[in-house]
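Number of protein chains: 2
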Amino acid sequence: MEPLALEDLIVAFAKLPGIGRKTAQRLALYVVKRPREEAELLAKALIAAKDQIEHCATCYNFTQKGEPLCEVCRDTRRDQQFLCVVAEASDVLAFEMSQFYSGAYHVLGGVLSPQDGVLPEDLHIDTLVERVRQQGVQEVMLALNANAEGDATAHFIAQQLMPLTKVSRLARGLPVGADLDLADSVTLSLAFAGRSSL
Amino acid sequence: MEPLALEDLIVAFAKLPGIGRKTAQRLALYVVKRPREEAELLAKALIAAKDQIEHCATCYNFTQKGEPLCEVCRDTRRDQQFLCVVAEASDVLAFEMSQFYSGAYHVLGGVLSPQDGVLPEDLHIDTLVERVRQQGVQEVMLALNANAEGDATAHFIAQQLMPLTKVSRLARGLPVGADLDLADSVTLSLAFAGRSSL
Chain V
1305 MEPLALEDLI
1315 VAFAKLPGIG
1325 RKTAQRLALY
1335 VVKRPREEAE
1345 LLAKALIAAK
1355 DQIEHCATCY
1365 NFTQKGEPLC
1375 EVCRDTRRDQ
1385 QFLCVVAEAS
1395 DVLAFEMSQF
1405 YSGAYHVLGG
1415 VLSPQDGVLP
1425 EDLHIDTLVE
1435 RVRQQGVQEV
1445 MLALNANAEG
1455 DATAHFIAQQ
1465 LMPLTKVSRL
1475 ARGLPVGADL
1485 DLADSVTLSL
1495 AFAGRSSL
Chain E
1305 MEPLALEDLI
1315 VAFAKLPGIG
1325 RKTAQRLALY
1335 VVKRPREEAE
1345 LLAKALIAAK
1355 DQIEHCATCY
1365 NFTQKGEPLC
1375 EVCRDTRRDQ
1385 QFLCVVAEAS
1395 DVLAFEMSQF
1405 YSGAYHVLGG
1415 VLSPQDGVLP
1425 EDLHIDTLVE
1435 RVRQQGVQEV
1445 MLALNANAEG
1455 DATAHFIAQQ
1465 LMPLTKVSRL
1475 ARGLPVGADL
1485 DLADSVTLSL
1495 AFAGRSSL
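First to last, the protein sequences are chains V and E.
Per our numbering, the first sequence starts with residue 1305, numbered consecutively.
Per our numbering, the second sequence starts with residue 1305, numbered consecutively.
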């Protein structure tokens, strides 16, 4: 019985992950109560995020439009001989927020999952091997989710990189089955310190 | 270290009530991953909600722009002789979703709160009294939050309406201190059935 515009906004909010109908309603009612500028700010940020975020030509991390390389790859103070391999660009944020990591990244764009049709050629594995060969990378740390697909992907990549460089993975300080981007900074830094050679 | 457009979106999401930095990040990353159309849909719904939602000339419930009266006030099947008085238009949604209520509403626009400077003249109390006088309303049920301010507001309104009509309030089936719009439909319908005369 609510106005169409309100119902539309509730439905749009409820499409976001982890936002149920009740929370969506609460968010929509909040927007209706607040000044128009606040709704505009969020609306513009949504469009800008879609239009201005691209992927780094080297590591596939997020980068602002017009910057072919991401901030990490452009930063000469970062150790470009140490690569942290993650499944998604969002995993980079988890490392960057914890502020203990000073190397570079390589974003795979997913993990191997034959039943979902994700094969090695669908991930940025070839470019990782190429990068390790050309840049004289000294260590590649595999930071994938601690589950079957993450392990299988790590194993597959390790097989290809071990002849070329040192390969390590995050210590099993991560709770088994947990998503990497949900880990807190302390857990993540402990897992980093205890990383093991493959 | 994330791109500016991503950071802007995270900050914009984090301004919504109940959305912390971590959740905002998760929502922003989701938006970046999904097709542009989805971001557009939410962006348009935000602006439309601000531009197209107005308040009903009779009861102050939400109404779509161009409709001076809300859906409840326009609906001839609704009992316009029975008024449910609520603090906010969002409380109307809680009643409408539970689907047991067939009367009309009157939205006060808040509750009395002298320390926050909310006085009787700041609420739609005069128009409520006028409406009861003119429409021959048979019962006014006060459905305000079960806390000190809600009780004080109910008492103030009851004093003015009792010479004119029957005045009731929701049964104390509501957990004391809880917000009305968080109540589930069953609790709300029990509270409705057990409403008491004032």
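Worth flagging that the hints you see were computed from the coordinates, not collected in a lab.
Fair warning: this is a prediction, and the values are worked out from it, not measured in the lab.
Don't take each hint at face value.
Note that the list lumps identical chains together, so a pair holds whenever it fits in one copy or between two copies.
As the list claims (entries may be wrong) - DSSO-like, lysine-lysine: derived pairs with alpha carbons at most 30 Å apart:
| # | residue 1 | residue 2 |
| --- | --- | --- |
| 1 | Lys1337 | Lys1354 |
| 2 | Lys1319 | Lys1369 |
| 3 | Lys1369 | Lys1326 |
| 4 | Lys1337 | Lys1369 |
| 5 | Lys1319 | Lys1470 |
| 6 | Lys1337 | Lys1319 |
| 7 | Lys1369 | Lys1348 |
Outcome of the hint check:
| no. | hint | in the structure |
| --- | --- | --- |
| 1 | Lys1337 / Lys1354 | both (27 Å within a copy, 8 Å between copies) |
| 2 | Lys1319 / Lys1369 | both (26 Å within a copy, 25 Å between copies) |
| 3 | Lys1369 / Lys1326 | between (36 Å within a copy, 24 Å between copies) |
| 4 | Lys1337 / Lys1369 | between (34 Å within a copy, 15 Å between copies) |
| 5 | Lys1319 / Lys1470 | neither (43 Å within a copy, 44 Å between copies) |
| 6 | Lys1337 / Lys1319 | both (21 Å within a copy, 13 Å between copies) |
| 7 | Lys1369 / Lys1348 | both (16 Å within a copy, 23 Å between copies) |
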